[in-house]
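*Asks:* Note that the sequence shown ends on residue 693 in my numbering; no numbers are left out.
Everything labelled a hint here was simulated from the structure, so no lab data went into it. Where a beta carbon is used, it is the ideal one built from N, C-alpha and C, also for glycine. One should not assume that every hint holds.
[Stated by the list, open to error] Taking CB as the label site, the calculated pair distances span:
(1) Asn-691 <-> Val-663: 36 to 44 Å
(2) Leu-637 <-> Glu-657: 26 to 34 Å
(3) Ala-673 <-> Gly-604: 17 to 25 Å
(4) Arg-627 <-> Glu-661: 25 to 33 Å
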Amino acid sequence: MPTENHSGRGDCGDVIEAVYLYLDNECSEDRRAVIRRHLEECSPCLAEYGIEQEVRTLVHRCCSQERAPENVRDQLREKLAALDKVGDSVLQGERAVEHNEA
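Generate coordinates for the entire structure from the input sequences, incorporating the hints supplied.
*Replies:* Quick look at the structure:
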């Protein structure tokens, strides 16, 4: 399945997949900056982000009183940390490409 690239700056699919991490402040500051910059420059992704943000707000409002068991929370933290590492390696690759193009 090909991914779209509306802005000419990175893979839109990767950005949309990372939107929840961005919304929950669960990724590095560098990754957040890359996502934020992409959303500022790519209106289709920004529209998708807006929908994701509304869904996130709705889920939070409906489920904010419930708390996941600690073992589930630990597993989720581990998976998010692993995803963040993948995102950081993608960011490093993007920087290397930008450096080589400069």
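*Asks:* The hint says 17 to 25 Å between Ala-673 and Gly-604; measuring C-beta to C-beta, is that right?
*Replies:* holds (19 Å)
*Asks:* Cβ-Cβ distance between Arg-627 and Glu-661: within 25 to 33 Å?
*Replies:* Between Arg-627 and Glu-661, where Cβ atoms are some 32 Å apart, the hint holds.
*Asks:* Would you say the C-beta atoms of Asn-691 and Val-663 sit inside 36 to 44 Å of each other?
*Replies:* holds (42 Å)
*Asks:* Leu-637 and Glu-657, beta-carbon distance inside 26 to 34 Å?
*Replies:* holds (30 Å)
Checked against the numbered hints above, the structure breaks none of them.
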